[in-house]
Structures are given as C-alpha cells and as structure tokens.
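**Student:** For the record, the sequence lines run as chains A and B.
760 is the number that the numbering used here gives to position 210 of the first sequence; each next residue is one higher, with no gaps.
688 is the number that the numbering used here gives to position 138 of the second sequence; each next residue is one higher, with no gaps.
Think of the hints as simulated: they come from the structure by calculation, not from any bench.
Bear in mind that the values here come from a model prediction, so they are computed numbers and not experimental data.
Be careful, since some hints might not be right.
Given that identical chains are not distinguished, each listed pair holds provided it fits within a single copy or across any two copies.
When the alpha-carbon atoms are kept at most 25 Å apart in a straight line, the in silico DSS-like pairs for lysine-lysine are as follows [what the hints assert, rightly or not]: (1) 902 / 781; (2) 851 / 879; (3) 601 / 843; (4) 817 / 566; (5) 601 / 879; (6) 781 / 817; (7) 879 / 843.
There are 2 protein chains.
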Amino acid sequence: MLDWESIFATRSSRMKASEIRELLKLLDRPDIISFAGGIPDPALFPAEEFKAAYAGIFGGPTVSAALQYSVSEGYLPLRQWLVGQMAEIGIACEAENILITSGSQQALDYLGKLFLSPNDTALVTWPTYLGALQAFNAYEPTYDQLTTAGNRTPASYRQAATDAGGRVKFAYLSADFSNPTGETVGLEDRNRLIDLADELDIAIIEDGAYQSLRYDGQPVPPILSLEIARKGSIDETRTIYCGSFSKTLAPGLRVGFVVGATPVIRKLVLMKQAADLHSSTINQMAICDVAEKGFDAQVSKIASVYSQRRDSMLTALSTHMPDGTTWTKPEGGMFVWVTLPTGMDGTALLAKSLETAKVAFVPGRAFFADGSGANTLRLSFSCANDAMIEEGISRLGRLVRSEMVALAA
Amino acid sequence: MLDWESIFATRSSRMKASEIRELLKLLDRPDIISFAGGIPDPALFPAEEFKAAYAGIFGGPTVSAALQYSVSEGYLPLRQWLVGQMAEIGIACEAENILITSGSQQALDYLGKLFLSPNDTALVTWPTYLGALQAFNAYEPTYDQLTTAGNRTPASYRQAATDAGGRVKFAYLSADFSNPTGETVGLEDRNRLIDLADELDIAIIEDGAYQSLRYDGQPVPPILSLEIARKGSIDETRTIYCGSFSKTLAPGLRVGFVVGATPVIRKLVLMKQAADLHSSTINQMAICDVAEKGFDAQVSKIASVYSQRRDSMLTALSTHMPDGTTWTKPEGGMFVWVTLPTGMDGTALLAKSLETAKVAFVPGRAFFADGSGANTLRLSFSCANDAMIEEGISRLGRLVRSEMVALAA
C-alpha cells in the first residue's frame, strides 16, 4: 500500500479535523441542549419561496440554461441584483466587480489561494473565524495579530513577516457581528485599519457573512464603503468584501459572493474557472428569484426571531453566570462570546458539560491562530428557543460556578 | 491604487484565460457552425425528471435538510447509489471511499492541491484535458509526458522530476473517450500504467468523466477496477477515480465525485470542509433522485443521439477531409481529434475559418503541456445535428484543402 503521507503536498499537514465539525454531531443527541452549531434555524428558511423559484425555473424558458454549464463570473441577473444591494450599504460597484462563489467559504479559500505563498503573513484578529484559518492554512501562511489598539506599528508587522520568510499580504476580519465574538468593529477602528493597510500596502478581506443581521444599534458602514468614499472608486480600493446568502436565505444552495476591484475579480474568475468552472447555475437562479422578490422581508423575519433569542440569552447569562465571567452584547448575528476566569479551560469544561450539564458550546481556543484563548467559549443562540436558552444557560452557569469553586480550592 | 500583481501569490502568474472559454462566446453567433464547445446537448437533459425531483424535495419531509448545511463528504444516499454504480464497473467500494465534489473539475483541483508542492511533477498525456492542466497549474507543478510506449523508464521519470526540483506525484489520464482525443486506453496499456505507478510509487488519477458514454465496442475495465483485482481491496490501491454527472444528467447542478482509498478520501473531506464546506445539498438530493429512478435509461437516450452524431461526423470527415489529414474513431464521448499535416497551425486555421468558412473548433495546442500539437484540432459532435455536421465539415474540409495547397506552394 502506498504511504500516502509521503506523497501528499506539504500543505496537507495543516489540514486537520475541525473541533466544530466534530461537535456538530452532538446536535442530533436529543438529551443535549446545543449552543454549539453556528447554523441558521431551518424553520426560518423561505421554503415556499424557493419552492416557487424552482417550479418557476422548470416551468419557464430558462430551464435548459439552468441545467447547463454557465460562466465562471456567475449569473448576471444575480450580480446585477447584488449591485443594487451593495449600493444600499455604500458600496458603489458594477457587475464586473462581483464574482459568485459557492458560499463565502469558497471566497475565503480563493482569496487565500490568490494572495498567499508559503510563509507569507495573514493578519487576523485574535480570535477570528475558524473557517478562515482553515481555508488559509492550505496555503501555508504565518499569522500575525491584527489589532488597531496602537501597540503594533506597520514596521513591526513588516519585520515579523520578513522574519517568517515572506511578506504581509492581507488583513482578514469580520467587521459585523463576527463569528465567534458577535462584536462589531467601530467606525474609528475601520478607518484606522484602512490607514494601516495603506501603510503596509496590503489587501483587506472584509467578511460580511453576518452584515445583514443587525437587530439594533446604528449600522456602521462597511470598510469597503469607507474606502470607496476616501478613494473615489472601487477600482482604487484594497478592500475585498465577501458576502453570503447562507445566513439570510439558505446555506444548502451554496451561494456567496466577492466584491472588489476589477483586477482582483478578474483573477478570481480565472481561478474559479480552473477550480470548479462555476457555481450551480440553477441555484444561482433560484437565489436570484427569492432575493429579488423578498430579501428584505426575509431578513426582517429572521431578525425579529434571532433578536428575541439574543435577548433571552443575554438575560439568562445575567441571571445565571457567576461573577468573574464576562460576555459580549452583540447587536446582531448569531453568537455570544463568553470569557471565563483565567485558568479555566473551555475544552475541559465542554467534556464535563456534555457529561453532566448536557449543554454543548464551542471552546474558544480553536478560533485563536496562536492557540491562546483557553478560557473562552462561543455560544450560538440561532437555533435555540427561549426555554432551551433559559434551561441551558442555567445549567451552564451552575457548572461554571462549581468549576470556579474547584479552581479556587 | 494597489499594485495587485506585486502581492498576488506566485501561483497566480499561471492562471490565464482559457482558449476554450473565449471560443465558447462564438456559440452564440448564429452564422457560425460550432464544433468548439465540449458541452452536452441541453435538449437531452432529463428536465422533467429534475422538475419532479425538486418538486418532490419541496413536497416532502427533507425540505429543511435540502436547504441546510450538510456534511462535507456528501449526501449519503447519493454516495450509496454510487457504491452500486461503481460495483457494476468492477470498483468494489464503500460510501467511505467516496467524496461528492462540485463537478469532477473540483476533484481535479483538490487532487492537485492534495499532492502537488511547487516543482513536483505531474505526468500527463500529450495531449490531455485542458481543464486538468488549469486545475493543476495553481499548485505550480512541472509536467512530464505520460506514455506507456516504452521509451521512458521509471528511472528517467525520477531523474527528470529531481532535475525539476521535486518528485513525481501522480499520473493523470482520461482512460475512456478522452477530452480532447476521444480515444480509449486499451487494457494492456492500463495494466502497464499500474506497473509504472507501482514502480514510481505514485498515485494514478483516472478521469472517468466520459466513462458512461460508450456507443459501441467492448468496455475496458477502469484502471481502478484492474488495480482492485490485483491488490484485493480499494484501500490497497493507488488509483483515484473521478466521475461526473455533468455529461449524463446535467452540468448546471455541479455534482461530481471522487472514489479512492480511505486515507485519500479522508484528507479530501478535510480539504473540502476548509474550501467550500460541502456541495449543494439540494442538488445532491435532486441528482440522487434522478439517478436512482432512471440513470441507465438517460444514458441510453444520450448514447443513441450522440452515437448517430459521431457516425455523421466520421462519415463527413471521410467524405470531405483531404488526404494527409487523419482523425480518431472514438467509441464514445463527445470528441473527434484531427491531425493536419505538419507545418499547419490550428490557431491560424481557426482565425481563417471563423472569417471565411464560419466553422468553429478548438485548436489542439492548448491541450499539450509542452506547447506542441500546433497541427491538431478538437471537434465536438455533441451539440450538432446531422445537417450542421455535413455542412460544417464540408466547409472545413475545403478550407483545410486550400490551406494545404497554399502550404505546398
């Protein structure tokens, strides 16, 4: 038998099983209250609208086109709809600035592939989206901590990247209701990030997967929109915006998108052509139909349900979590991020929790490129009803309290 | 403005626009008879069956699952159906040996990603599938000519790969009705290839995209089936088989698959998870439904139409092409490969043909990793009716004849 490991590319050693993925299996155990998954509530899918969309395709003149190969750029009417959608959040662009991808996860993979040679540096927040780290890992980068807190100079980033054997290529972040923390980057920090990227002459990858899911507070303009306002045109910007229909319409169709300067999109189109030709034609048509007919109504429906669940979770955390623990207060998205006292370990807590409290969550360490963050947890409220939230957080609070007592002893 | 080229990864310099892709634009010009595309005839899509499949999904209990995230491995009932299908062609495997991909193009991309570090060597036939070269190029390999003609020893492959700065990782080939030549690799050559791969200790990537489309002649067992017969189990083999529903059911759903030893599939699953999470859930369900209910009938329907077109094309070539030109006699697939006299150039011929004869085809050079093959052409008969074939080949024959006269003068 072939010794496969010996002929795999060096990059393959960085492809490892995901903690979240293993945990998703727990969702099926009826005795577990799960805050682990980061998936949308299927009860909120616009199933009737999709049913009508597919029926319409099969009843109309585009059925052959829907089943046939199509262009790598993506379905033009969908890209045109997105042009209007982007304009509403301050991103003036043309269809040529948009590539349709198979979910925004694929956009992250392609952007890693486009920018990262081995040992190049990607700047990411501590913590960051685990899926971004997994996508980028295939291209063997080094990570450095993206922060606008003022303790890092452009020169220090450059030096660290040179020491690692490459150069800084981009800063990646989720600016709105990020996975895993639920937090939003403020206007001032967004502007500072553009300054930093200008000084380092690098790209910014803005992950907008949760951008539409704001429940309260004031919207902050996307980084790409701020940069367009500064520089006059999307083709003068360095920010590449990734979006998704997975959190708003449905993830099972695998439709996302990338918006950016024409030279970047052109190269990504060639990359997509070589990698999978194009995203599913029929699904792009179905997404386009459902989006055109009722995107805003669908987002409102989701927002009213998720905001209620977020409120329940924040209330339950206030009621049940012991002093010494803190958590974020997200204005949107699907996640609350809990910080336990230093010395506690989320992974050990999960093992205990599954056994005794029967509550699932994601230990935070996986979201840190440097392996720190042992005392953090990610809780998702998107698929839990109020009763589950109250009961689950109550049990989790008791467990954390008893662990804190044990730690202090 | 950012100097994008300066921060793209080195691999991006090998991502170039495809000749075929540019040519596809010609398909829309009504005055051109096109043998250029390699796409299936949309009139043969099982549209009614797909209509029923999607309607069934929306009318049944799996609608939420169809729209939701799913496992990276792929939809289990589809993988189970494929287990039965593979058994029919001598490939005994389990669902664990199968990964569903977004078309077999994605399988090629993932296999390049899995095996190729920069400067490693991929063995490919001269000519080979252009899309495979494009997929592999992203991982910066060197190519060497795969041949079982006896003029290359294992030692000579090893030495060439070492000289190129890496090692031989795999041999890639389409064994049945290949794109672009339409030819099938014989049993003896398949066995010799396994011997060669054993001696070099490399993988074999067997592209089975056209495998089901045999119109006459005796089926040759897939390389993977021959290796299983030799070694006792798929987990002892080094052949990785890529398949697709694009040529049999419909390409617009983007559903393909990879079959291979468990260690390879496990690694590819992790890669897919990081790269795009999973292929479209709803499309996998629809493909599964249509395949379960009538895959063989659909293949028979296609075969009867395409075989007639192949016959027409071979007849027309015999009638109209001048002495000194030769072409393949495919037993299946979509392509005939024409070799013109040495000194003629397919690209120059195409330019002239579009202007005067109004016939489109693909110049063969793009399919050669070494840039040779200037005097070759690929003709596709899949989307042309008998009258178009007779008229188009007649015009092409006249043009070739006049060019041969000019060349001799």
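**Student:** Each hint should be assessed against the structure and marked as holding or not.
**Tutor:** These are the hints, each one checked on the structure:
In the homo-oligomer, the alpha carbons of residue 902 and residue 781 never lie at most 25 Å apart, since the shortest distance is 53 Å inside one protomer and 46 Å across protomers. In this assembly of identical chains, residue 851 and residue 879 lie within 25 Å of each other by CA distance solely inside one copy; the values are 21 Å within and 60 Å between copies. For the identical chains of this complex, residue 601 and residue 843 are neighbours both inside a copy (13 Å) and across copies (21 Å), given an alpha-carbon limit of 25 Å. In this assembly of identical chains, residue 817 and residue 566 lie within 25 Å of each other by CA distance solely across copies; the values are 8 Å between and 28 Å within a copy.
Neither within a single protomer nor between protomers do residue 601 and residue 879 lie at most 25 Å apart by alpha-carbon distance, with minima of 36 Å and 45 Å respectively. Proximity of residue 781 and residue 817 under a CA criterion of 25 Å is satisfied intra-copy only: 22 Å inside one chain copy versus 43 Å between copies. When the C-alpha separation of residue 879 and residue 843 is checked against a cutoff of 25 Å, the pair qualifies neither within a copy, at 33 Å, nor between copies, at 51 Å.
This entry does not satisfy hints 1, 5, 7, going by the numbered hints stated previously.
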